[in-house]
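Student: The listed protein sequences derive, respectively, from chains A and B. Take 12 as the starting number for the first sequence in the numbering used here and just add one per residue. Take 5 as the starting number for the second sequence in the numbering used here and just add one per residue.
For the record, the hints were derived by calculation from the structure and aren't laboratory data. Incorrect hints may have been included.
Stated by the list, open to error - One side of the interface only, derived from the structure: several residues of chain B facing chain A at Cβ under 8 Å:
| no. | residue |
| --- | --- |
| 1 | D33 |
| 2 | S139 |
| 3 | G155 |
| 4 | T156 |
| 5 | L169 |
| 6 | T203 |
| 7 | D264 |
| 8 | T303 |
| 9 | E443 |
Claimed, not checked - If you want the ones that stay clear, here's a sample from chain A, every Cβ over 10 Å from chain B, calculated:
| no. | residue |
| --- | --- |
| 10 | R39 |
| 11 | K89 |
| 12 | P145 |
| 13 | Q148 |
| 14 | F181 |
Glycine included, every Cβ here is placed at the ideal spot set by N, Cα and C.
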Amino acid sequence: MDKGRSIEYGAKMQKFTKISSVAAPLERSDFDTDQIYPKQFLRTVKRMGLGDYAFYDLRNDPDGTPRDDFVLDREPYKGAQILVTGRNFGVGSSREHAVWSMMDLGLRVIIAPSFGDIFFNNCFKNGLLPIQLPQEQVDEIMRSAKEQPEAEIEIDLEKQTITRGNQFTFEFEIDAFSRDCLLNGLDDIGLTLKKSVHIDTFEEQMKKERPWV
Amino acid sequence: MGNRTLFEKIWDSHVVHREDDGTCLIYIDAHLIHEVTTPQAFEGLKMNDRDVRRPDLTYGVMDHNVPTGDRSVGRAVYETEAVESREQMDTFEANCKEFGINYFDIFDPRQGIVHAMGPEQGITQPGKTIVCGDSHTSTNGAFGAFAFGIGTSEVEHVLATQTLLQKKPKTMRVTVDGELAPGITAKDIILGIIGKIGTSGGTGHVIEYAGSAIRGLSMEGRMTICNMSIEAGARAGMIAPDETTFEYVHGRPHAPKGEDWDKAVAHWKTLYSDEDAEFDTEVHLNAADIPPLVTWGTTPEDVAPIDGIVPAPEDFADEGKREAVIQMLKYMDLKPGMRMQDIEIDRVFLGSCTNARIEDLREAAEVAKGNKVAKGVKAMVVPASSIVKKQAEQEGLDQIFIDAGFEWREAGCSMCLGMNSDTLSPGERCASTSNRNFEGRQGRGGRTHLLSPAMGAAAAITGHLTDIRTFKAQ
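The whole structure should be built from the sequences, with the hints applied where relevant.
Tutor: Right under this line is the structure:
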């Protein structure tokens, strides 16, 4: 394959250092990946250009006519890079299309009290930052996003902070390895391939201990 | 030693390398792949000139997107499907061929839902680490394997390296002791567990299911339980292997043979949680207390006993949940206080990796036998695999279903997720043996009630949700 196509195909891992953006409020809990990216669009073999399918059923009438009342289609949230939402965001299906389509819409950060495990992992592989915060802090960001919609929130991955002017600063947790990969846009497959010698050794041992595998 | 959980034993034996922050590179013994979550992964490999490290440990099958109409017509069966569907399967086939991976296409007698295929072929074994780009990979944990769903980037990582970067999850043990009441199935147990711990109760955990009621289940029942672990938020569920497990695995195409079999069984017998093992979380259920359960809402924790009523928002203490319930009742078009048994249905789906194995079809056929599907109800049976389908036909189950007015279809994921043309229309209400009742899951505007195969068949006959304990033919 022509490597020049990698732009169209998508540089897999986008670097993340610091962003500043309005935050779009999506007040729903248990918002599953079927709702983020409906099944009929899973027939694709691509990972780029899927933004039109993100949140499709909420953004289009049953006959396919686009609506304009979904939070990410409304000013001033249109083009927001931050989504703040309820508990258990991204539960259900493992479809990474959910992440790809949200990134194609321009999102870079999802703030929620909790996430579906597989979705959470998928985010890091693409440069979407999922931030888990206590419910009270999410509530405050949600309130701010609704009441002062045009105020920007700054997310600083290096410092691990979320700041809204002089109104609030929250710190967030992220494991060191994922943080490093995001900050530097590292391809984790490339990193693992550098450890091939460990894998070779493991396989040698496995042949002796569990020859039936 | 002497105080590890089943999960920890498997984890420890698969760590290839440990990062400073505790992230581990773990080895993957079996990688199951299908047509929907792999094309972008293969494309990634090609972009970077990378190869598949262990095509011999990679097993492909087409399932999610396949047509379930009569396949004896050959490729014409694709006529009901979108052009992209066929292209996706052709892409899968081409990728498997290019990288030397064995796969089953829709005409292969071993084709089926990936989580039915793995166990049937003996690929799924105790002590293995098993992954697949599908959240219901947890099904395979029924054999005492550590099996979990992954995203496409992780699929690519496994293809290239046969390993995955993972944080060690926490452990939870769910113990179900006692005797199940008559008519209660594995589906009711797992719906009961999810109803109790909630859809995020298992987040960050691997669940081990234990207790006499779990031990007493067949492999089919155990797979139903582990299958829905993800619906409780857990990535994996597992059950310690025992004679029931060994008997199921023995003699299957990929099962160890001869001397290897003895060695394997000796190893598998060490796979249990030690008496002094500590779990991060413990949950207990009394089997005798579990009634037949059906979901009323749009998450799998929203369950009610079949002889109960639809709850009201004010029945819930949590404010967020109350608001969610208002939305759910609106979507499901249900009123608080309504009897569950009065809920009328339009469609019945007996299928999916949760509940379409041979035992499930036998239970449903038992109910359907000599009866007729209610007027106005459209009911379909989609076996989990072509092997299940063939066996059911040898047992005459197909004829029972057909005589009762059910559609008898070819194997695949079908209306569990509605990727192919098997979908609900807006407003249609379906009694489904699958695993997710999310908004729009089975078709935009469709309404799903999850239940056991016997209860699904009973609903088809009566036209409304029905208590299997008091079900009588019309």
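Student: Against each hint, give a clear statement of whether it holds in the structure.
Tutor: A quick look at each hint next to the structure:
no.	hint	verdict
1	D33	holds (5 Å)
2	S139	holds (4 Å)
3	G155	holds (4 Å)
4	T156	holds (4 Å)
5	L169	holds (6 Å)
6	T203	holds (6 Å)
7	D264	holds (4 Å)
8	T303	holds (5 Å)
9	E443	holds (6 Å)
10	R39	violated (8 Å)
11	K89	holds (24 Å)
12	P145	holds (14 Å)
13	Q148	holds (15 Å)
14	F181	holds (20 Å)
In this structure, only the earlier hint numbered 10 is contradicted, and the remaining ones agree with it.
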